[in-house]
Amino acid sequence: KALVSQYGAGLLMLDDALRKGQDLGLWISPAPVAPFWQIGYHALFYTDLYLCADERAFRPWPGHEPSWPRLGDPAVAAHPPELASLLEYTAALRSSLTTRLSALDPDSPAGFEWIPFNRGELFIYTLRHLQHHTGQLAERVRHAGGPPVSWVGLDLESEV
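Heads up, the sequence shown is in the numbering used here, so the first residue is 23 and it goes up one at a time.
It should be emphasised that the hints constitute simulated quantities derived from the structure, not laboratory data.
From the three backbone atoms N, C-alpha and C, an ideal C-beta is built for every residue, glycine too.
Just so you know, not all the hints are guaranteed correct.
[To be verified] Taking CB as the label site, the calculated pair distances span: (1) Ala106 with Tyr68: 29 to 37 Å; (2) Ala24 with Ser89: 28 to 36 Å; (3) His165 with Pro131: 35 to 43 Å; (4) Ala53 with Ala114: 21 to 29 Å; (5) Glu161 with Phe80: 23 to 31 Å; (6) Arg41 with Asp129: 36 to 44 Å; (7) Asp95 with Glu161: 34 to 42 Å.
[Claimed, not checked] Straight line, CA to CA, 25 Å or less: simulated DMTMM-like cross-link-like pairs of lysine to aspartate or glutamate: (8) Lys23 with Glu104; (9) Lys23 with Glu110; (10) Lys23 with Glu87; (11) Lys23 with Glu143; (12) Lys23 with Glu161; (13) Lys23 with Asp95; (14) Lys23 with Glu179.
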């Protein structure tokens, strides 16, 4: 339940950052590493991927473009996804947390050949990754004069 709540809280914070960035006109703003929307998509994509048993079990979000998750990729699509699409992705991930996390054994191998630690550590690694990129977006929102991204300590609604 703790992992479900914390993943859900992280996704709620990302949702808030995405909404505030869009409201401030940051969605396609250029940045040294990647546009605002792409950082959000990257965080969602890897959260989704690492909540699968392995790479074969992963199905990208509908409308996915291969360049979107790779930060700094010069082939990033000229037409980014709409905010509504990423909010739907966020909601879909939140609604699947209990089922997905309960199906994965923390003591088992990570399931991805490039990950050198077990599934339990991958859970923590993925939470850190989600919050790292949410923090990047929150900083961009604040730098643009926007309100702070809301802190979410628990997501009790994801604990179905």
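Right, here's what the structure says about each hint:
1. Taken as a hint, the range 29 to 37 Å is violated for the pair Ala106 and Tyr68, whose Cβ atoms sit roughly 21 Å apart.
2. Distance hint for Ala24 and Ser89: a CB-CB separation of about 35 Å, consistent with the stated range 28 to 36 Å.
3. Against the hinted window of 35 to 43 Å, the Cβ-Cβ separation of His165 and Pro131 comes to about 40 Å, which satisfies the hint.
4. At roughly 26 Å, the beta carbons of Ala53 and Ala114 sit within the given window of 21 to 29 Å.
5. A C-beta distance of roughly 29 Å is found between Glu161 and Phe80, which places it inside the suggested range of 23 to 31 Å.
6. The hint said 36 to 44 Å for the Cβ distance between Arg41 and Asp129, and at roughly 37 Å that hint holds.
7. The hinted window of 34 to 42 Å between Asp95 and Glu161 is violated, with their beta carbons roughly 22 Å apart.
8. Between Lys23 and Glu104 the alpha-carbon distance is near 32 Å, which puts this suggested pair outside the 25 Å criterion.
9. This hinted pair checks out: Lys23 and Glu110 have alpha carbons roughly 23 Å apart, not beyond 25 Å.
10. In summary, the hint linking Lys23 to Glu87 is not supported, as the alpha carbons are separated by about 33 Å, beyond the 25 Å threshold.
11. The straight-line distance between the Cα atoms of Lys23 and Glu143 is roughly 16 Å, inside the 25 Å bound, and the hint therefore holds.
12. Of the supplied pair hints, the one linking Lys23 and Glu161 is violated, its CA atoms being roughly 29 Å apart against a limit of 25 Å.
13. About 36 Å separates the Cα atoms of Lys23 and Asp95, which puts this hinted pair outside 25 Å; it is violated.
14. A threshold of 25 Å between alpha carbons decides the hint, and for Lys23 with Glu179 the separation of about 11 Å falls inside it, so the pair holds.
Consistency with the previously given hints fails for numbers 1, 7, 8, 10, 12, 13, ordered from lowest to highest.
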